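*Asks:* Each chain, letter by letter, is given below.
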Amino acid sequence: MSRASSVVILVLLAGLGIGATYLVQHTSAPRIAAEQRLIDTRNLLDLLPAESYDNQPLEQPLALANTGLANSTLLGGYLATKTGQTSAVLLRSQTLGYEGSIELLIAIGANGKVLGVKTLKQSETPGLGGRLADWPNTWLQVFTGKSRTEPADNGWALKKDQGQFDQMAGATITSRAVINAIHDALRYFDEHQQQLIGSSAHE
Amino acid sequence: MNKSSTLQHSLMLAPLIGATDSLVSALGLWLMFIVVISAFGVSMGALRSRLVPETRLLASVLLAATLTSCTELAAQIWSLQWHQHVGLYAGLIALQCVVLEHTGFFQSAWRDRLRLFGLFGALMAGLGVLRELIGNGTFGSHLPWLTGTAQADWQGWVLTADGGLHLATLVPGGFILLGLLIAAHQAWTRSTPPH
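Those protein sequences? They're chains E and A, same order as listed.
Each residue of the first sequence is one higher than the one before, counting from 149 in my numbering.
Each residue of the second sequence is one higher than the one before, counting from 3 in my numbering.
Bear in mind the hints are in silico, worked out from the structure with no lab data behind them.
Be aware that one or more of the hints could be misleading.
[What the hints assert, rightly or not] Some chain E residues well away from chain A (every beta-carbon gap over 12 Å; in silico):
hint : residue
1    : Q184
2    : I187
3    : T231
[To be verified] Here's a subset of chain E near chain A, in silico, CB distances under 7 Å, partners left out:
hint : residue
4    : S154
5    : V156
6    : H174
7    : S176
8    : P178
9    : E247
[As the list claims (entries may be wrong)] Covered, in the sense of this in silico footprint (three residues per stretch, anywhere, with C-beta under 8 Å from a C-beta of chain E), are these stretches of chain A:
hint : segment
10   : 40-54
11   : 63-77
12   : 140-147
Since we're looking at a predicted model, the values are computed, not measured.
Glycine is no exception: its CB is placed at the ideal position from the N, C-alpha and C atoms.
With these hints in hand, go ahead and build the complete structure from the sequences.
*Replies:* Written out as structure tokens, the structure is:
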């Protein structure tokens, strides 16, 4: 036990430590990334029935143009295909709710009908608007099967705004924001259908 | 209660409140704690005799950082979901290693060390179970995280359908619960006076 040998041991320890950590990190990074992808896939794609697509939608995000919509913004989109045919377009939409921004994942089928809506991020009042984050969500299931034509444009509002949809109990502003976001996404899908679905034909 | 044991115990407080919002996080963190502290103890035991006292602190820091980083990466591979939930407190274990080394924990008797592990584990698991029961009304939710399989999440045995007192899963609720437990413990030891 002397100063010199201690310093040597310290330097060796530092080198070994850095080397070992780098090695472990390097070998584990791909596995961790694959695991992360698996978790993301499970979280995001459980609003599509598993047998309706056979590609990896999250691997190929769509490049969207004109993403600033009337009441929301589109953050991105994914395409789910089965044997090359588009089965669903997933749009990530961000809109302003009561307390903050709400991020929704809206799945629209190739025929323009909503397949499902899922909340990705929200910071609404817990117990009221916060019920948006429950999954499976009984209120969001109301939108399944709706399209831009059914109901017509002025039907896409709350019943108290002469529309067709019930609000979430005690969360009028949140409900309005979500309805507008879904309507925006359907309009966007209609207007850009060729680009969205056509992009799969170029693969 | 001397100064060094205060530091040691207060460092235990952070994971005790932060990582016990469910049983699976508490158990996972306790397992990681045992693994890292044991590995650290063994390595430090081999090195201590070869280092002058002034360099021991630096050596313990290096060793603790390396061990904790590697164990954290291994934990990420084993169960990424658990790590995303409480990975923050896993890093704190490195600091606990250094403090324990500084207060001479690794030179104390085996029984003392086992006592610390057991006490820590019991407290973590106990708080985890209580906070999960009171806060979510479930027991053992997400336990599959620890078995490392990435299948659908198990919500645990749901005991109250409506959730529970959400406050208990948040940090203030953890503090309140810990305070109540300490008060209960003191009332218990006071009501049975020593003969």
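*Asks:* Please flag the earlier hints that this structure goes against, numbers listed from lowest up.
*Replies:* 1, 2, 5, 6, 8, 9 and 12
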